Structure formats: structure tokens, C-alpha cells
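Chains Y and F are the protein sequences, given in the same order. All letters in the first sequence, in the order written, are residues 1291 to 1524 by this note's numbering. All letters in the second sequence, in the order written, are residues 538 to 1293 by this note's numbering.
Be careful, since some hints might not be right.
To be verified - The list that follows gives simulated cross-link-like pairs (lysine-lysine, DSS-like), each with its CA atoms no further than 30 Å apart:
| # | chain 1 | residue 1 | chain 2 | residue 2 |
| --- | --- | --- | --- | --- |
| 1 | F | K1282 | Y | K1312 |
| 2 | Y | K1420 | F | K937 |
| 3 | F | K937 | Y | K1407 |
| 4 | F | K1092 | F | K637 |
| 5 | F | K990 | F | K1057 |
| 6 | Y | K1503 | Y | K1470 |
| 7 | F | K931 | Y | K1447 |
| 8 | Y | K1447 | F | K937 |
| 9 | F | K1143 | F | K1092 |
| 10 | F | K1282 | Y | K1305 |
| 11 | F | K656 | F | K637 |
| 12 | F | K810 | F | K1211 |
| 13 | Y | K1337 | F | K1282 |
| 14 | Y | K1376 | F | K937 |
| 15 | Y | K1420 | F | K648 |
| 16 | F | K1205 | Y | K1407 |
| 17 | F | K1211 | F | K1114 |
| 18 | F | K933 | Y | K1447 |
| 19 | F | K648 | F | K682 |
| 20 | F | K1246 | F | K990 |
| 21 | F | K990 | F | K761 |
| 22 | F | K1282 | Y | K1298 |
Treat the hints as calculated values from the structure; they're not laboratory data. Please read all numbers here as calculations on a predicted model, not as lab measurements.
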Amino acid sequence: MYNIVEFKNVVKEYKSGNHVLKAMNNVNFTIEHGEFVVILGPSGAGKSTLLNLLGGLDSVSSGEIIVDGNHIESFNDNELTTYRAKNVGFIFQFYNLIPNLTALENIQLMEDVVDFKIDGLKILDSVGLKDYANQFPAQLSGGQQQRISIARAIAKKPSILLCDEPTGALDSNTGVSILKLLQDLSNYKNTTVIIVTHNELLTEVADKVIRIKNGQVESIVLNETPKKVTDLEW
Amino acid sequence: MLYKKMLRDLSNYKIQFISVFLMAFVGVFIFAGIGEEAITLESNINNYYSDTNLADGWIFSTNADNALVEHVNNLKPTTAIERQFVITSDAKLPTEPDIKLHFIENNTISKFYLIEGEKINLDDENGVWLDKSFADARNLKVGDKIGFKFNGIEIEKEIRGLGYSPEYVYDLPYYMPKLNYSEYGFAYMSYKAFPDDNIPYNVLNVKFNGNAEDYSNLLADNLKDSYDSFLPREEHSSVSQFNHIINLFQMISTILPTVFIFISLLMLVTTMKRIITHQRTQIGILKANGFKNHSIIIHYLSHGSLLILAGSIIGLISGPFFINLIAYKPLTNIFKLPYLMPSGFMNFAYIVVIMFLLALIVSYYSIKSIVSEHPSTIIRPKVPKASTSTFIEKFKIWEKLSFNFRWNYRDIKRNRFRAITTIFGVMCCAVLLISAFGLYDGLNDAENWQFNKINHYESKLILNNNVSETQIHDVSRQVNGVEIIELVTEMESDHTKKYASLLVVNDTDLITPTDKYQNKIEIKDNEVSVSQKIADLLGIQAGETVSFRVHNTNKWINVKIDKIHGNPTSQGLIMSKNKFNELGLDHYITSIISAKNVTGDYEGVKSIIDRQDMIDSWRELYKPLWMEVYALMFFAIVLALIVLYNLYLLSFVEMEQDIGTLKVLGFKTFALSKILLTQSIIFIILGSLLGIPLGYYVLNIIWKSSSEKFFILPNISIMNLSCTFIIILTVLFSINLYFAYKIRKLNMADTLKILE
């Protein structure tokens, strides 16, 4: 195992007039390849800032972020775009599927940003939605849409899967099935899955739990025996 | 507090609201500006004719004796009559300018409009009331003496007053090269100022009831040979030229400004609908907190409506002011008018009311459907519409199509209203640009047709009436010229009468008639050709017979029309000298045309007009119209810019979240701006395909509705068509560059949070 993600003394400041807000203050942590990580914290703790920095949606004020050996803090806009295209798979709370495209097309869409052919049907099959290939997002349930979102994310074969409250908009049963899918990706496909959430319950299934508070890492806990998602009591 | 919210909303959606404001402003600016100019001209001339009691017609007779006056007066429709002796004199001033003298018995019809000095005194034997424009050009003042020579008589009078006459609003004698008020003018004197007791009265000014055609027929039936001709008011050269200009103003003041207003309202509909849809959840929150429906409705009605009201009012005030500013000077240069008072913007206040009411209706329509929903429904974002695959999407080829194409196809399919509105908006812009550039081309085309394709002579020598044939031939030989006769005729077909021109000319390279498409045609020695416009007005075709008579004669002649020719400004007949004589007509030569640049004095030649003078005169006459065409072109481009930007913005805002998601997923800015550009190009192509033929159609209506003396086919040059496309595409690519910048700067994190 090797460290696929490294945060070294990461600081992120937002300036508003004369006022400077430190949303991320000297954050340090590492994530190993294939780990199932939960980043936890209350609202305003800096979770979204962390996700934005790691996802290449925003840049650091100082410090280093190394993903799969790349110093992304030094990337320009174009390099960040390529980084997002090739290294990161995003899963959002509200799925963010393209409403104009069918389930299959939302996955095939990724062919435009990667260098290889995507077998959309096979990936849809892997998330259990092969029969819904030609449905548009508005014709699918929330859980189905989130599965499509996961399928779209993994289609790119990214180094890391970044999930922003992936079960936040779902009922408990559907939430469990989505989490299981993500855990399976980590366990059986050796995919690095990073979930940003405020749901304490998810700490029980994670390999590593990073708690964030006031823009700083409060604690990092390794879970020797993570529970199976199906054993969680919602 | 809602008022504060409204101000914040206006600030948040400032670009859209500025667009709405600008579109209302531009629409009303053009509508009221050009419309007001036409009304100003019409109302001023009507007031002037009314103030001066302009004659309804003029009866010309070489012997307008008391018996004739009594005879005319006894005709039932005649309501007033006045007798004059009118003659052209040479003023005893340097260059001997031509002054038309009116020896009057009374002055209650076609009254002299006094500006300076004393009123006309019919007992004054020594006074003269002079044309103010001429006096100004010659620096003559009240109290100065001026002498005149005519028919071997010389008189000298003192200037008692300066002023204008309704018979000389447009004053360019046929023999004069161009408007030059220092070289000609008019003067009024009492009959007592005539040096002889026997005054050879030759003109009767008449006022009558009923229409001119009936009166003309009545004169013909009753007076027989005791008069030479009758000229109704509408055919008087001053009146008809002024009407010609008013008609041209009116032609562009109706259709195109209406398109401006229409397109403004169209943009308002889309903008208001989008803003209200965007604020759906806010409306839900207001409702959930107990706000009454009417409070919410009034709040949203006030958003766009107040801006529309403000834009319309500013357009209403500034449009007439600005258009007056650019058109006033050219108009007062060519027309002798004592006043040209702006008719005022209040004539168009109704358009502000209409704009405001429509803004209220559009806003109400947009808000009503949301307000009527239950708060629990509107407090949540609207559920996206479920798409279904269309026929084309079920084919294998669909999968081979690029993402860009598939995206845009689906986006257009899902947002049909926006797509149709955009195509419609582009179509209207194309109509405006095609029409504005078409007017520009048409005016240029008419000039080119007249001076390069039909008339090729360099000089036109206007002959005196009493020149002998020997003298004429002698001059012709000296200048290597061609003799022509130009007359005024009346033409009749199926009880419709029209005044028309008659050109008698033998085959020559100096005047080459063309068809309506400007292709040279040959009118043979024994053929008669009529102009397309007259043929249309009288409803005649080649092969049919029409009757005509030369003005000032009573002999009606039936003639078969062999050809139809086209001419931009001269509508009537063309025939050879042999054909003219064969029809039993005879007339002295009126002019000699020559390919040479003729200068100097020739016996029997009244004046020499060169080609450049004619072109200058033409340009001077159409100058006010050019100003408006330039204004129209400028605002058509401005409106195209606003409309395209606004439509682009609407597309961008509606796709912003999807664009944000694609950007997060790794799509490059270029690929994303290409999606928007592709969609816009599709809309522009579709809009232009509809707009270009429609623009031609509108242009055709505009030209057809222009004056009876003017004929031009709708045409837009390749150059200007290219210009139209270049303008649209430049605007489009500039806007696309701006939005590419916006995409590059798009805050992905914020965009993704929108839905949350």
C-alpha cells in the first residue's frame, strides 16, 4: 500500500475586504490507496473546502496536496481540468446528472474527457441498472440516479472517488445500498473512496475516519474492523 | 421590505434588467422618433396649408377674363376663386436671378405668409412682398428697392415685406440644376403694381368642394376651350414633392419601428418568465410565511414593468428629440417653411401605456401560475421535465453523433419555448437588419439606376419656349446633343386617372430605358412604353390600350402599350419623336442632352444643368431620409447586440449548473463554450433562414407603400447581406468569447451548491 493522497500544511484563506477567513488551517493527513475514508465534521468545519481542494475545484493558499504523486497545488487551470478528468470521480449529494442525457449517455459522456473507450452498459450492469440504460434522469428514483452518478464516476477509472454526502438525499434503505456499492468498490476493486459527511454513523464502516473542526484536523482514527454496511443500524 | 427585495433582485439580475430596459428604450426611441418626424412633417404642412388657405387647384388660361371667373364661380362646387397674373421675370440683380411674379387681385387663397414687414396691401402700387429665402440669400431687407424685367417690361418696387408662400414649399424650377435660393424665388404684388391697366391674368386659384377628379371633369364639361388646363393640389410640384418625402418617412415609420417594439416585448416575455421561474422557491417561502397572493403579484409585477416604463418614457422623450436633431437641418434646407414645430412626443404616449400594460400582462402571466400553486409545492424546486427519446434517437446513427450535437438536440428539445423564442428573436433581428440595409441599398440603387443605368448624358440644356427650330438644331450640332421633349400628361384607364411624365426621345445612348430589373431594353421607333409603377397603379399591361392627354391640352389620345419599363423616379410614357407625331401630337423641343460637359452661353438656352448638379440635387432631397436610414441601421445593430446577448445569457443561465457539473467532471472551457456556440449558430442559421425572406417581404411592402413617384424593387447587395451576417456573427463570437471567459471563471463549488 502507498499514500495516494497527502495533505501537507494545507491552508486555505478567503479574503473579504480587510477580513481574512481561514477555512483550512494547517491541515495534514494521508490516505492510502484503496482505503475507504470518511471525513467527518459539523457544518462550517471546512469539509466542503477540503473536498474542493482535493477535487481540484479550488486552489490552496499555501501547503501541498499530493495525489497519486502529483503536486496539484501547483497546477494551473488547464492542468486542474485534466486532473479532474483523469484522476477524480465525483459523486454529489444531488447526483448532478445531465438531465438531457439518458442514463447510458451520462456514462458514455465521460469518453469525451478520457483516452479510452467506455463500455457504458457493462458499468451500468455493475451498479444494477442495465435495464434503465435509456431512461432519462427525471424518470429515475433518487437511489437510481445516485447509482448512475457512481457509474459515471467509476467509468473514468479514477485514482480516487470523492463523495459529497452521497446518501444525504436518500432514504435509509437506499442509502445503505449506495454505501454498500461504494464499500464494495473499495474492498473488491481496490478503489480509494473518500466520503465527506456529517453523518456519524458512517464512521463505523470506514477504514479511516478524519474528523475536521474549525478548519483543522481534530483527529484521525484507523478502524481496524470496519463494519459491513449491511450491518449498520440506521 | 419587499421593496428592498425588489431593489436587490434588480441588482442581482442587473444584466437581464438592463437588457429589458434598453430594449424598451430602443424600441420606443425608434418608434416615437421616426414616427414623430413623419407626424411633424404632416401636421406642420397641414397647419401651414390651412393657415394660408392653399388653393385646392389652379386653372390655367391665357385669357382668364371676367367671364371665365364668373363661369368658374358659378360652378356649384366652387367655394372661392382668385385671379392672378403669374410670370417669370429676371430680377435686376447680379446673375439676373429668376423671380416668379404674382400680380394678385386678392390674397385669401394661397396666402403670402408674412415674416417681416407690413401686410400685403392691395392698393399699394409700389410695394413688393418678396420670398424670404431669396431675400436672405441675397441679403435684401425690407425697404430695399428691387427691379424686375419681363416681356420687355421693367419695373422697380420697394420691398414691403418678406415671407413664404404655400405654393413654394419645395421650390426647384425644372430648369434649375439644384436648390439654390439665391438664383430664384417668388414675389407678390398688387394688381395695381402692374404697369398696364390690361392685365393678362392667366391663373385662377380655386377652392372647391368634392374631389379634384370630379372637379376636373366638371371644368372640362363646362368650360370647354376657355381654359388651358387644371392642376389639382396633389399634382402641384411643391405639394407632390413634399408628399413624396412625407410618404417615404411614413413608409419607414410604420413597419420597422413596430418590429422594434415587438422584439422588445418578446425579450421581456422570456426575461420575466425566466426570472420568476428562477425565484420559484422564494415565492414559496413568501407564501409559506403568510404573504398574500396579491402582495407577491404586485411585487413581481413591479420588477420589469417599472423598468419598461422608465425605458419607454426615456425613449419617448429622447427619440423625437434625437431624430429631430438629425433631420431638422436637412429638412429646413430643402423646404421653404415658416415653421417646423416638433409635433411633440405626446403623440406616441400611447406606446408607453401599451408597453407598460403588456409588461404587466406578461409579468402577471408568468407569476400567476406559480402563485396559484400550493406553498408546499413551490417551496421546492420544480421537478425536471421527464424526457422521452424521439424517433431520431432510436437509430444506431444517434450514438455515432458527437456529444455536442446530442447535447444541443436534447437541450433544444427540452427547452422548446426558449429555442423558439431565440429563433424568433434572431429572425426579427434579421428582418430589421435586412430592412435597414435594404433601405440603404434601395436609396443607393435608385441613384445608381437613375444616373448610371438610364441617364448617361453629362449636360442638359433647358431651352426657352420661343426658340426657333433652326436655333435648336444649331445648338444641338454645336454640343453634339440629342433633342428631347419632356411633358406632363394625364393618363386614364378604367376611370383611374394619374398624372404622369412623357419623354419623347429617339434611340440614343444618352438615355437608355431599362426594365424593372434594370436591364437595358429597346423601345423601337413605333413603340410606346409605360413605366411599371404607372402600369401597376392603372392596372395595365403590355398589349393593352390606355388614353392620355398632354397637360394643358384637351385632346385625349388612345395608345397601345408595347413595353413596360422601369424608372426609380420618373413615372409615365416613353416614345420616339416619330410615334409622338404619328399620334397627332406636336410640341417644341424642351431640352437638349449631351455627352459633353457643356458650359458657356448659347442662344435660346435658358440654363445648363450638369450631371453632378443633378446628383447633388437628388442627394439633397433624400438627405433627411438618409439620416433616418442611418439611425435605423445603427439601432438595428444595437438591438441585435442586446437581443443576441440576452438570448445567449438566457441559455447560459439555464445551462449554468450543467456546465458547472461538466466542468467539475473535467470538460475543458473550449468544449463547453463550443456547446453554447453550436446552439447559437443553429439558432442563428434557422432564424436567418426565416428572417431573410421575411426581411425581403417587409422591404417589398415598404417600397410598395412609398410614394407614387418612386419605384424600386426590394434588393439587398451581396456586400450588405455579407455585412448583416458579419454583424450577427461578430456579435455572436464576441458574446461567445465573453461567455467562454465566464465559463472559465465559473465557480464550480458555488455552481454545485445551487441545487443544495
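(request) Quick one: which hint numbers does this structure break? Sort them smallest to largest. (result) 15, 17 and 21
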